[in-house]
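Let's have the full structure, built from the sequences with the hints guiding it.
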Amino acid sequence: MEFEAPAVQLGAIGPEIALVTTALLLLIVDAFIPEGEERWYLAVLATIGFGVAIILAANQWGERELQLARMVAVDNFATFVKTSVAVFAVLTVWLSRDYLKRSEDEESEFYALLLFAAAGMMLMASAADLIMVFLALEIFSISLYVLVGFRRRSLASQESAMKYFLLGAFSSAFFLMGIALVYGATGTTNFYPGGGGEGIAGYLVSSAASDVDLLVLGVGLLIVGLGFKIAAVPFHMWTPDAYQGAPSPITGFMAAGTKFAAVATMLRLFVVVLYPLRADWRPILIAVAIATMLLGSVLAVIQEDVKRLLAYSSIAHAGFVLTGLIAANDRGLSGSLFYLATYGLTVLGAFAVVTVLAGRKERNVTLASYRGLFYERPLLAGALTLFMLSLAGVPLTSGFVGKFLVFGAAIQAGYWWLAVIGMLASVIATFFYLRVLVVMYMQEDDRGLQPAITGRLANSVVGLTAAATLVLGIVWGPLIDLAERATVFFA
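Numbering of the sequence shown is given in our numbering, commencing with residue 1 and proceeding in unit increments.
Keep in mind the hints are simulated off the structure, nothing from the lab. Backbone N, C-alpha and C fix where the C-beta goes; we use that ideal spot for every residue, glycine too. Hints may contain errors.
Stated by the list, open to error - In silico DSBU-like cross-links for lysine-lysine, where the CA-CA straight-line distance does not exceed 30 Å:
{"hint": "1", "residue 1": "Lys361", "residue 2": "Lys101"}
{"hint": "2", "residue 1": "Lys163", "residue 2": "Lys101"}
{"hint": "3", "residue 1": "Lys361", "residue 2": "Lys163"}
Unchecked claim - Here are the simulated distance ranges between beta carbons:
{"hint": "4", "residue 1": "Ala467", "residue 2": "Asp213", "range": "46 to 54 Å"}
{"hint": "5", "residue 1": "Leu379", "residue 2": "Leu434", "range": "17 to 25 Å"}
{"hint": "6", "residue 1": "Ala173", "residue 2": "Arg278", "range": "25 to 33 Å"}
{"hint": "7", "residue 1": "Arg485", "residue 2": "Asp213", "range": "35 to 43 Å"}
{"hint": "8", "residue 1": "Val488", "residue 2": "Val212", "range": "22 to 30 Å"}
So, in structure tokens, the structure goes:
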């Protein structure tokens, strides 16, 4: 009897394969380079790997199918998220090059872990099975645990990594228990019907859906696991410490990429698969969104460390983007994607400025360090001003358009009061963003510090993200059009 090997379709995970291959190649090449040599090639190889991943992801635009035993979806939604994450990662690579060279920590492991983290985030965006979601979540989480503690000579970095790891493992246990309960209720972990099974979506529309209570309990535990990743209240405790202790480029990547990947999974899971259960999961997410918006905005007001301030800002923005998910309509879906893409660019730009000004051991990260920045580094101060105004949601910035879209979606769905709460939280948040501007423009620096030395790559990241923040706030039509076309899920 002749053995026939099963057909394995790897095109669905082509971008992820490219990143993993690049990471392994990067480690092998670095092993043959003598110690003490300039390691410029590490950033070059990583950039090439992400470029290939972007091309492979873009080639999947317009497709709608399930591959790898129906566990991976190939659709416009996955392509949009994968491309965005890859862009965030490329900017992080360029920013990290100057940062690592300055701190004398440049090693191949850093870029390899960044590639693995991005691969996990991409896989999470296209996962069509809860087991695949869990695998993707752990791939990028474990990579980030190590990256957070990459400043090995810093006790604060090591402490942050340990806290992040312990709480991350705790949240993973909740997520895994949620998967077990969902499987117990439905008999499957697949999202969609087909291949001899009805999937979770098929189970919910069938007349045999008798164990809904068990399913709702499982969904609640899934919200806990994913809520940790997007830093939603009350699962946010790790965020300020991890953001403060991690290398600044990694902090920016976490704020942009992790939130995008986790919210993307929530959009696919709740809006597409679990939509028939919206009466059960909406109240939970509404409570989480309100607490997240308000607590993140209020606690940011009292922060004196800029990285912790941006950490609480990230928490508040998780609440803002959840309003689009709660709306669960087409405008909410496309608005959430636009919000996450533009927020990622803005927060990466903000952390790029923080990275440039922080100094070799990240000593200059307090608000006092930004006194009189406009008079010493007017271009950096101008870029940071733009980023802060965008995060506050000021018109003519991409942040304003993002908030307009998600709040408009909530109003369209009948949740006008949730949009009002979101706008009030935005007003509160404006105060601490303006604090940074007051320090830069209206206070003088009397410490006599040497001006920060920047590299070309870091300056490029600041310039590109500033330009994107401004342009997408004025000419936002093309990106929102892509976001609308990206809401064509496999269903």
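Quick rundown of the hints versus the structure:
Restraint check: the Cα-Cα separation between lysine 361 and lysine 101 comes to about 12 Å, which is no more than 30 Å; the hinted pair holds. Restraint check: the Cα-Cα separation between lysine 163 and lysine 101 comes to about 27 Å, which is no more than 30 Å; the hinted pair holds. Annotation: proposed proximity of lysine 361 to lysine 163 holds, straight-line Cα distance about 21 Å (limit 30 Å). Distance hint for alanine 467 and aspartate 213: a CB-CB separation of about 51 Å, consistent with the stated range 46 to 54 Å.
Between leucine 379 and leucine 434 the Cβ separation comes to about 20 Å, which falls inside the hinted range of 17 to 25 Å. In this structure the supplied range 25 to 33 Å holds for alanine 173 paired with arginine 278, their Cβ-Cβ distance being about 26 Å. Separation of arginine 485 from aspartate 213 is about 38 Å and conforms to the stated range, judged on CB atoms against 35 to 43 Å. Roughly 29 Å separates the CB atoms of valine 488 and valine 212, a value that falls within the hinted 22 to 30 Å.
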